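Novice: Here are the chains, one letter per residue:
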Amino acid sequence: MPPRSDGPEQIPIDADDDVVRVRQLVRTYAQQTKLSLVDQTKLVTAASELARNTLIYGGGGFARVEEVSDGRRAGVRASFHDEGPGIPDLTLALADGWSSGSGLGLGLSGARRLVDQFDLDTEVGRGTVVTVTKWKR
Amino acid sequence: MERVPILKIGGVLLVSIQIDLQDQSVLALQEDLAEKISSTGAHGVVIDISAVEIVDSFIGRMFATIASISRLFDADTVVVGMRPAVAITLVELGLTLGGVRTALDLERGMKILGQLGRGRDA
Amino acid sequence: MTDAGDAQRLTELLRANADSLIDRWVGEVASLLRGRATRTELEADFREFFAALLPLVGNDGKDTGAPEFAEIRSLTEEYSRARVRAGFTPSETASSVFSLKREVFALTENENDPELFRQVMVFSGLLDALGLLTFEFYARARDEIIREQSEQLLELTTPVVKIWEGVLAVPLVGTLDSARTQVVMEKLLEALVETGSEHAIIDITGVFAVDTQVAQHLLKTVVAARLMGAECIVSGIRPQIAQTIVALGIEFGDIMTKASLADALRYALRRDGVDLVHREVR
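Residue numbers (our numbering), protein chains in the order written: chain A, 46 to 182; chain B, 22 to 143; chain C, 80 to 361.
No lab work stands behind these hints, which were simulated from the structure alone.
Note that this is a predicted model, so its numbers are computed, not measured.
A hint or two may mislead.
Far from chain B, by Cβ distances over 12 Å, these chain C residues were calculated [said to hold, decoys possible]:
| no. | residue |
| --- | --- |
| 1 | 123 |
| 2 | 167 |
| 3 | 268 |
List time: in silico DSSO-like cross-link candidates among lysine-lysine, alpha-carbon distance up to 27 Å [stated by the list, open to error]:
| no. | chain 1 | residue 1 | chain 2 | residue 2 |
| --- | --- | --- | --- | --- |
| 4 | C | 299 | C | 241 |
| 5 | C | 241 | B | 132 |
| 6 | C | 337 | C | 241 |
| 7 | B | 29 | B | 57 |
| 8 | C | 266 | C | 337 |
| 9 | A | 79 | C | 299 |
| 10 | B | 57 | B | 132 |
| 11 | C | 299 | C | 266 |
| 12 | A | 79 | C | 337 |
| 13 | A | 181 | C | 299 |
| 14 | C | 266 | A | 181 |
| 15 | C | 241 | C | 180 |
DEER-style ranges, computed between Cβ atoms [unchecked claim]:
| no. | chain 1 | residue 1 | chain 2 | residue 2 | range |
| --- | --- | --- | --- | --- | --- |
| 16 | A | 52 | B | 22 | 28 to 34 Å |
| 17 | A | 140 | C | 350 | 35 to 41 Å |
| 18 | B | 132 | C | 295 | 47 to 53 Å |
| 19 | A | 105 | C | 339 | 28 to 34 Å |
| 20 | C | 338 | B | 52 | 45 to 51 Å |
| 21 | A | 158 | B | 39 | 24 to 30 Å |
| 22 | C | 273 | B | 132 | 17 to 23 Å |
| 23 | A | 52 | C | 215 | 31 to 37 Å |
| 24 | C | 332 | A | 170 | 39 to 45 Å |
| 25 | C | 326 | A | 119 | 36 to 42 Å |
| 26 | C | 288 | A | 105 | 39 to 45 Å |
| 27 | C | 352 | A | 54 | 49 to 55 Å |
For each residue, glycine too, the CB sits at the ideal point set by N, CA and C.
With the rest of the complex left out, here is chain A (with noise of 0.2 Å):
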């Protein structure tokens, strides 16, 4: 069991292993913030697609994980940063089934189904920033 963090951690993605390191520092802190073990492994595999997404689409970035409280309960939130092409049509890549590039097109509209928050921030020409937040029942 990794060391327990406290507060924010940020780790680079870019190579393919670093997409597992990202899994495993998300799961370290929703392990720490209790969520129950489905939530744990629907949090853990948003963070999966969303870094692949940051790697491949993105072309690299990092990942940012903490812990945050809404003065009602914990949860973890995870963002996901890359200075990439930006994503042109939202609506589009938030479809199920849409993908430029490989993959099943899941990773968008997937992610954001395992979450309890989902935040896009894109630019065209600057890069993209998703933010997911899972909170404890």
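Add chains B and C to chain A, keeping to what the hints say.
Specialist: The following block gives chains B and C in isolation, referenced to the frame of chain A:
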């Protein structure tokens, strides 16, 4: 990159995934399996994922791909031991693994392959 | 706010008469609670409370969140929680604190000292504040108990039972909401792995209404079970629910449904290669 070992037990190839799979390992496993099925003439493939904590769309797609490859060599594929949390997540993700056979554990997976194998010989 | 030095006279009086005061206080509360708490129990609690209270004499109790209240707060909390569990009312709980006031008044009423009278009034305010604190802790403890009980109820009302080797059943009863359905379904999938069962029967004979979300959870469970290598059968769909399902346009697809739990069990057994035969009874 770590490679997933493939064991041969009788006419069945057993793949037991014990590592946190990165995409390269997934692709390598697909290639290794195609190679192995063709060279051994195996009639079945069992993929044991009881130790796997997450299956995302990339890994999920691998099962379907392996099943399709095996079919080209007249072999059947069974995915065994999927954890409940993983199954719930895959359903939520929208991935159904299209026609891949599944079984609760290794023993039942082998039994299914045995039955399918007999059907083929008859 | 007055500091403790101002209330020296009252503090001395209380300390000097501690034993008789506590004895009368215990007596009054014991009769109030009509034997539901023994004198010994009360005495132990009240002695501790009294000891923690003495250093606070002179404090008007306007800020019970202050650091000097830490000990008395935790004693009050402990006392209130114990009272909730033992089934006492909030008034009975608060009265335990207020009763002390009456005894202190009785102790000081014959003293003709305006300064002492002032100190008693401040002390009275302090006890009022502590009495209110018992209400607060009482309510908080009761909320916790309600939450615990509703969780236990959820566990009780949704048992996953093994009805045959390799066949599990979940009889769902009452109103299904989305959260409850999700919990049950997770429990069912876990049980499939634990017991190595390849069949699960979700019986909804006792369910009065199904909304789209609940139906979705049922569907997802069936699909998830299939991914794990098990099969779910939904049994006991009432006519009204069948109509709702059709009206809502929910696609039940290729999910196996049976009219009754018995039909579902017979089907599961046949798939497992078990045939049930009637034996001639003589």
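Novice: Against each hint, give a clear statement of whether it holds in the structure.
Specialist: Hint check:
1. For residue 123 of chain C, the non-interface assignment is confirmed: its Cβ lies about 49 Å from the closest Cβ of chain B, beyond the 12 Å cut-off.
2. The Cβ of residue 167 of chain C lies farther than 12 Å from every Cβ of chain B, with a closest approach of about 43 Å, so its non-interface assignment holds.
3. With a minimum CB-CB distance of about 4 Å to chain B, residue 268 of chain C fails to clear the 12 Å threshold, and the non-interface call is violated.
4. For a cut-off of 27 Å, the pair hint linking residue 299 of chain C to residue 241 of chain C stands: about 22 Å separates their Cα positions.
5. The straight-line distance between the Cα atoms of residue 241 of chain C and residue 132 of chain B is roughly 23 Å, inside the 27 Å bound, and the hint therefore holds.
6. Distance check on the hinted pair: residue 337 of chain C and residue 241 of chain C sit about 18 Å apart at the alpha-carbon level, within 27 Å; holds.
7. Under the criterion of a C-alpha separation no larger than 27 Å, the hint pairing residue 29 of chain B with residue 57 of chain B is consistent with the structure, at around 9 Å.
8. Distance hint between residue 266 of chain C and residue 337 of chain C is fulfilled; the C-alpha atoms sit about 22 Å from each other, no more than 27 Å.
9. Our distance criterion of 27 Å between C-alpha atoms is met by residue 79 of chain A and residue 299 of chain C, whose separation comes to about 24 Å.
10. Using a Cα cut-off of 27 Å, the hinted pair residue 57 of chain B and residue 132 of chain B holds, with the two alpha carbons roughly 21 Å apart.
11. Proximity of residue 299 of chain C to residue 266 of chain C is assessed by CA-CA distance (about 14 Å); at most 27 Å being required, the pair is judged to hold.
12. Proposed proximity of residue 79 of chain A and residue 337 of chain C is contradicted: the alpha carbons are some 39 Å apart, above 27 Å.
13. Taken as a hint, the residue 181 of chain A and residue 299 of chain C pair is honoured in the structure, with Cα atoms around 21 Å apart against an allowance of 27 Å.
14. With a CA separation close to 18 Å, the supplied pair residue 266 of chain C and residue 181 of chain A stays within the 27 Å bound.
15. Between the alpha carbons of residue 241 of chain C and residue 180 of chain C the distance comes to roughly 60 Å, so the proposed pair goes past 27 Å and is violated.
16. Between residue 52 of chain A and residue 22 of chain B the C-beta distance comes to about 32 Å, which sits within the given range of 28 to 34 Å.
17. Checked against the given bound of 35 to 41 Å, the beta carbons of residue 140 of chain A and residue 350 of chain C, roughly 38 Å apart, stay inside it.
18. Checked against the hint of 47 to 53 Å, the pair residue 132 of chain B and residue 295 of chain C fails, with Cβ atoms roughly 33 Å apart.
19. As the Cβ distance of residue 105 of chain A to residue 339 of chain C is approximately 58 Å, the hint placing it in 28 to 34 Å is violated.
20. As the Cβ distance of residue 338 of chain C to residue 52 of chain B is approximately 50 Å, the hint placing it in 45 to 51 Å holds.
21. Range check, residue 158 of chain A to residue 39 of chain B: about 29 Å between beta-carbon atoms, so the 24 to 30 Å window is met.
22. The beta-carbon spacing between residue 273 of chain C and residue 132 of chain B, approximately 20 Å, falls within the hinted interval of 17 to 23 Å.
23. Under the hint 31 to 37 Å, the C-beta atoms of residue 52 of chain A and residue 215 of chain C, about 33 Å apart, fit the expected range.
24. Hint check: residue 332 of chain C to residue 170 of chain A, Cβ distance near 44 Å, so the stated range 39 to 45 Å holds.
25. Checking the proposed 36 to 42 Å range against residue 326 of chain C and residue 119 of chain A shows it holds: the Cβ atoms sit about 40 Å from each other.
26. Checking the proposed 39 to 45 Å range against residue 288 of chain C and residue 105 of chain A shows it is violated: the Cβ atoms sit about 51 Å from each other.
27. The supplied range of 49 to 55 Å is met by residue 352 of chain C and residue 54 of chain A, whose beta-carbon atoms lie about 54 Å from each other.
Of the numbered hints listed earlier, those contradicted by the structure are 3, 12, 15, 18, 19 and 26.
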